[in-house]
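S.K.: With the hints as extra help, turn the sequences into a complete structure.
There are 2 protein chains.
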Amino acid sequence: MEKNYNQLAVKMVLNEWDRQNAFFKRIIDSLTDEQLAKQISPGRNTGVYLLGHLVAITDSIFPLLEAGSKEYPELYETFVDKPDGSGGPVPTIADLKSKLSAVNARMEKVSAAMTTDAWFSRHTSVSAEDFQKEPHRNKLNIILNRTSHMSYHLGQLALLQKQ
Amino acid sequence: MEKNYNQLAVKMVLNEWDRQNAFFKRIIDSLTDEQLAKQISPGRNTGVYLLGHLVAITDSIFPLLEAGSKEYPELYETFVDKPDGSGGPVPTIADLKSKLSAVNARMEKVSAAMTTDAWFSRHTSVSAEDFQKEPHRNKLNIILNRTSHMSYHLGQLALLQKQ
Chain V
1 MEKNYNQLAV KMVLNEWDRQ NAFFKRIIDS LTDEQLAKQI SPGRNTGVYL
51 LGHLVAITDS IFPLLEAGSK EYPELYETFV DKPDGSGGPV PTIADLKSKL
101 SAVNARMEKV SAAMTTDAWF SRHTSVSAED FQKEPHRNKL NIILNRTSHM
151 SYHLGQLALL QKQ
Chain F
1 MEKNYNQLAV KMVLNEWDRQ NAFFKRIIDS LTDEQLAKQI SPGRNTGVYL
51 LGHLVAITDS IFPLLEAGSK EYPELYETFV DKPDGSGGPV PTIADLKSKL
101 SAVNARMEKV SAAMTTDAWF SRHTSVSAED FQKEPHRNKL NIILNRTSHM
151 SYHLGQLALL QKQ
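Taken in sequence, the protein lines are chains V and F.
If you count by our numbering, then the first sequence holds residues 1 to 163, one letter each, in order.
If you count by our numbering, then the second sequence holds residues 1 to 163, one letter each, in order.
Read the hints as simulated data drawn from the structure, not as lab findings.
All figures in this text were calculated on a predicted structure; none of them were measured in a lab.
Each hint can be trusted.
Where chain V lies over chain F, by a calculated footprint (3+ residues, C-beta under 8 Å): (1) 15 to 22; (2) 32 to 45; (3) 110 to 120; (4) 139 to 145.
Chain F residues, not near chain V, derived (Cβ > 10 Å throughout): (5) Leu64; (6) Ala94; (7) Asn104; (8) His123.
From the three backbone atoms N, C-alpha and C, an ideal C-beta is built for every residue, glycine too.
M.R.: Dropping the structure here:
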């Protein structure tokens, strides 16, 4: 019988997510509020926007995993639907940091409760028909994609460290 | 019998690597040589350095996968061991782009030849003893880690697009 690596594969993907999240926390903790308010490069997003953006994206994973609705839909509006500096109300940095802890704690709880079969099941934004043809479009793949997305923005946030 | 997702899990990780690599190519193709020569942010790495860095890192994966040695060890010296602007000879952008294609073609060939069991086997920089305790430190995990690493720098390279 072929060896079964299901659980190990899930663990690897979740580990990488955790690793990038720990890195995210280290970067955020290393930056002052003044640094976070700066643009990562002239004319580009501010650190605050990227912080809010990453909190909103993590929060938007739960519905895809069939694990309930977004906790902070207003963050999605401000930090995903709208570009930086669009003039609406922006939460304080302390508020965003506390929401970052909250979405991460929720993700940990949700992850711990998911079975391996659930991870490899279809996520809610792919149809049953498409999923049959493309079984890699499962819930675990959402975590894989969102890890790359987080890393992409971490490379930008890290630029604020010497500004 | 529990369903076996081994092959699917491997495919998902390789897909994400390919997706980020395709994105890398799109970013590089969108930049002029002049833009690539610029720093991503004042005092930080140039686009050329990051291009060379990512080629060198991909090239350094092959030994870890027991798939032969680095093809361009000199790139590793220039773009990983040494920081940007350390004064040594730097290849041309055209040369780096051609080496990027070469390492990606080699990776595709190596990947196609690897069995699922090989992907989940220990990579060469972890000891047999440690691997027994930490079976996630396998060859597939290298691809997972290096995908995050690539995304991190893509977020930075993308900043050159409007400079």
